[in-house]
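Given the structure of chain Y, go ahead and fit chain R with the ligands onto it with the hints provided.
Each protein sequence line maps, in turn, to chains Y and R. Take 0 as the starting number for the first sequence in numbering that gives the first Met the number 0 and just add one per residue. Take 0 as the starting number for the second sequence in numbering that gives the first Met the number 0 and just add one per residue.
Bear in mind the hints are in silico, worked out from the structure with no lab data behind them. Beta carbons: idealized from backbone N, C-alpha and C, even for Gly. Be aware that a few hints might be false.
To spell it out: a stretch of chain Y is covered by chain R in this simulated footprint if at least three of its residues, at any positions, have a beta carbon under 8 Å from a beta carbon of chain R; those stretches are [claimed, not checked]:
#, segment
1, 1–11
2, 309–323
Calculated cross-link-like contacts (lysine-lysine; reagent style DSS-like; alpha-carbon spacing at most 27 Å) [to be verified]:
#, chain 1, residue 1, chain 2, residue 2
3, Y, 63, Y, 250
4, Y, 2, R, 140
5, R, 137, Y, 2
The primary structure of each chain is shown beneath.
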Amino acid sequence: MFKFVLNGILRDRSRSLFPIIIVSLIVALVVFYKGFLVGAMGNMFKDSAVITSGHVKVMTTAYKEERQMLPNDLALLEVDHLIADLSQSHPDHFWSPRISFAGLLDLPDENGETKSQGPVFTTGIDFLSENSRQAELWELDTRIVSGREIRHFNESLVSAKLAEQLGLSLGDAVTFVGTTMDNAFTTFNFIVVGTFDLKMGPVDKQMMLADIQGARMALNMENAAAEIFGFKHDMFYDDKNSQVLRNQFNKMHSDTSDIFRPTMMALRDQNQMGTMVDLADVATIIILGIFILIAMIVLWNMGIMSGLRRYGEMGIRLAMGETKGQVYRSLILESVIIGTIGTFIGTAIGIPLTWYVQEYGIDYSSAFENLSNNTMMMTTVFYAKITPDLFFIGIVPGVVATVLGTMLAGRAIYKREMAQLFKELEN
Amino acid sequence: MLIRASTRLMQSKKRENMSNKNVVEIQNLLKQFPVGGGFFTALKDVNLQFKTGEFSGLVGPSGSGKTTLLNQIGGLDSPTEGSVNVLNMDLVNASHNQRADLRKTKMGFIFQSYNLLPVYTVFENVELPLILNKIESKKRKELVEQAVEWVGLTDKLESRPSQLSGGECQRTAIARAIVHKPALVLADEPTANLDAKNSHQIMKILVNLNQELDTSFIFATHDEKIMEYLKRIIHLDDGQVTQDDIIEKPKMSL
Ligand SMILES: Nc1ncnc2c1ncn2[C@@H]1O[C@H](COP(=O)(O)OP(=O)(O)O)[C@@H](O)[C@H]1O
Ligand SMILES: [Mg+2]
Numbered sequence: 000m001f002k003f004v005l006n007g008i009l010r011d012r013s014r015s016l017f018p019i020i021i022v023s024l025i026v027a028l029v030v031f032y033k034g035f036l037v038g039a040m041g042n043m044f045k046d047s048a049v050i051t052s053g054h055v056k057v058m059t060t061a062y063k064e065e066r067q068m069l070p071n072d073l074a075l076l077e078v079d080h081l082i083a084d085l086s087q088s089h090p091d092h093f094w095s096p097r098i099s100f101a102g103l104l105d106l107p108d109e110n111g112e113t114k115s116q117g118p119v120f121t122t123g124i125d126f127l128s129e130n131s132r133q134a135e136l137w138e139l140d141t142r143i144v145s146g147r148e149i150r151h152f153n154e155s156l157v158s159a160k161l162a163e164q165l166g167l168s169l170g171d172a173v174t175f176v177g178t179t180m181d182n183a184f185t186t187f188n189f190i191v192v193g194t195f196d197l198k199m200g201p202v203d204k205q206m207m208l209a210d211i212q213g214a215r216m217a218l219n220m221e222n223a224a225a226e227i228f229g230f231k232h233d234m235f236y237d238d239k240n241s242q243v244l245r246n247q248f249n250k251m252h253s254d255t256s257d258i259f260r261p262t263m264m265a266l267r268d269q270n271q272m273g274t275m276v277d278l279a280d281v282a283t284i285i286i287l288g289i290f291i292l293i294a295m296i297v298l299w300n301m302g303i304m305s306g307l308r309r310y311g312e313m314g315i316r317l318a319m320g321e322t323k324g325q326v327y328r329s330l331i332l333e334s335v336i337i338g339t340i341g342t343f344i345g346t347a348i349g350i351p352l353t354w355y356v357q358e359y360g361i362d363y364s365s366a367f368e369n370l371s372n373n374t375m376m377m378t379t380v381f382y383a384k385i386t387p388d389l390f391f392i393g394i395v396p397g398v399v400a401t402v403l404g405t406m407l408a409g410r411a412i413y414k415r416e417m418a419q420l421f422k423e424l425e426n
Numbered sequence: 000m001l002i003r004a005s006t007r008l009m010q011s012k013k014r015e016n017m018s019n020k021n022v023v024e025i026q027n028l029l030k031q032f033p034v035g036g037g038f039f040t041a042l043k044d045v046n047l048q049f050k051t052g053e054f055s056g057l058v059g060p061s062g063s064g065k066t067t068l069l070n071q072i073g074g075l076d077s078p079t080e081g082s083v084n085v086l087n088m089d090l091v092n093a094s095h096n097q098r099a100d101l102r103k104t105k106m107g108f109i110f111q112s113y114n115l116l117p118v119y120t121v122f123e124n125v126e127l128p129l130i131l132n133k134i135e136s137k138k139r140k141e142l143v144e145q146a147v148e149w150v151g152l153t154d155k156l157e158s159r160p161s162q163l164s165g166g167e168c169q170r171t172a173i174a175r176a177i178v179h180k181p182a183l184v185l186a187d188e189p190t191a192n193l194d195a196k197n198s199h200q201i202m203k204i205l206v207n208l209n210q211e212l213d214t215s216f217i218f219a220t221h222d223e224k225i226m227e228y229l230k231r232i233i234h235l236d237d238g239q240v241t242q243d244d245i246i247e248k249p250k251m252s253l
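So that you can see chain R by itself, here it is in the shape it has in the complex:
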């Protein structure tokens, strides 16, 4: 499949995201969950920086804290100790509404189970972030069509999620995550429910978007196929970072 993007629009977006600042800065992060009478430590001593445009992944066995860390970055949960800075916002001291606003304007989320809204069409699902961002309807249509074209679903605009295959659902979810051209996309096990062919297709789309839009991606995964595309692999074990590798030449690329 050929994935093309309208380059001029993207270049302006590119400059905007191209500050030398880190998109994410995490310092001395500790996250504990109350369990029974005591605490369970899900993350400990986490110190990480992510630069603009990175295509990185949190890798580790199930239960190692990948989702917990993504939730911290997404401002969906607050740390027990330490600081989390995302896109120049100190999440620890930000209000619920400020964090929501940051997610709305500058972040996108992709989940393992797609989480499309079942009663809405592909078009409407992808349109929702733009409605929340109060973009007027003509502009919305334009942006939705563009995003849907990137993921190759132009012929499915009016379909409902129940009429789509798993791969098509995840591509819709990707279009929804990137339609407002966020600076940072968080993807939690995006290929876990997909077969190899669809997984590779999804990853190729995401690599392309990373290059065209200069959007930063952080994955959480234990899928070998995803790792082949990553340019940075951060190993988590028992809530701690055990290894942090830059991959100069990923095995798979465009």
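This is chain Y alone, in the form it adopts within the complex:
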């Protein structure tokens, strides 16, 4: 009987080719769509991760408590050693030190008198060490408005807004005035080599970017750092993964009550990002759910149509003494075969497609050109993400929906009087 059913499928194109094409297309779409959504959602957090939170970050427990105040006196020490440790125990991440500090920025005139002055919020980033990916992550090539990137520890980038406010020009030496790690008064001269615009509205109004080495010298923080940011190599924020890492790390360092013991925070633990992450997850599930639902309705209809077309066959098989159950089951068997083949083909199409968009992205920048003025930062390149479940998700629309559709469509066999099937068969 299996051979009989299989022969029927293989020979009747309208029974096999057309449904397999439809199932394959739907499966490919669902696979790609899931990969794209997950990728897009993951990338949504990239800017937050780069600028403020990392995928995870390490700081002292004391620093964490008062982190709103940027308490650099509570910073991590022996950072090189810590980073080496982290790199070894978590090779799926790369680790980069940060120091954030606030103070005054003073622009002197040729006599050394203050020409202009204003509050400044500085972030010291490891731009210069070998293999540092920070310049790339900050997308400085597109965000620098004038000048160039930092090449030396005493150089800095100033936001275009701050530069305008203070009347800064490229090449100016500006003096940072603030306090060291030990709460002593300090001044440090930076050379402004460029201006930048994060394109995120007013957040960069008082912002300066410096090299970590410059920051350390300014604040007397040799081999110290306020925070160590950890990023996954693919820059894709994987919430579960980060939470596991954070829990492991914190458990490992929970055996002392030292207020300087390191502690880890995940992206979701900061600035209400958790809500965003959860929202993104829910949105993915809802959108995907609707998509799969539509796919199921299409496949159900296909089941009904091919069922209608074959009332004649069903009638004659019933007359020959097959029970309704047997006819019904052979229809289901057919849909399982078609659904399985379609799922294989669809997944085989969807995965490479997703991979391509994972590697190269889809660039929407031309579409967004009019939308994105200078004050609004919008991600314009979307990357997909291949996750392991992508290899199996196709089964839901491909096999489950196809079989469910056939089951629903096939109920007509049970509902109808057998003689009625014959009436339809006479026409």
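Frame of chain Y; chain R with the ligands shown alone:
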């Protein structure tokens, strides 16, 4: 065309079917269909017996209830009232599966519109009842070849229905109906789509099978050509039997 059958096999089959019992017993059959708010009475007060080996026909104008009655005998539809006994099975009280089993093992159906499965070859179409009866493949091949020989289609075994003429399609359908040597064949207007020459050829095949296999045949027809072969003609009018004649010497025979 010469139609020959392997007689020894058939004789054993003959003895098996040769009980003196009736193959079909119908008592006080009433069949009503719900129409709108009320009922339409398609069959009424039908009392009929068919004996083993009969070559009989239900005759009457269109809408007189012939197909409805055949469906009752075939267990494809259940009566509103009355009893239908077929091959020792009380169809009214039998389950869906029991009736299906009876059709599978002991009955064959021939329709006006052939109803061959288009994607399968002649061989496969004729083979299907044997697959359903779980007959092993070597035996199946033997039986299919024999049945196809009876209807004279040996050279078309690998053809698809779309490559056959109407007459050839109906002969394939006949082979399919008799391949498992059923005790009872129900044929609903089997010649309605065929010209005179093909109609006569089909009827000759069926008369021959009736004699060789001792299979009982019940036709439903308003085709004069068929009636010339029948040995019993039951007239239906408005769902009631109006006349029941035995024909000792049919006008046409082998
Ligand atoms: N399922 C049904 N529902 C309603 N009326 C039906 C149904 N089947 C048959 N009939 C009616 O019963 C009568 C007999 O039909 P049928 O047995 O097909 O006639 P015949 O085969 O003699 O031409 C017709 O009037 C037909 O319309
Ligand atoms: Mg009829």
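Here is how each hint holds up against the structure:
no., hint, verdict
1, 1–11, "holds (count 5)"
2, 309–323, "holds (count 12)"
3, Y:63 - Y:250, "holds (16 Å)"
4, Y:2 - R:140, "holds (16 Å)"
5, R:137 - Y:2, "holds (16 Å)"
Of the hints listed earlier, there is not a single one the structure fails to meet.
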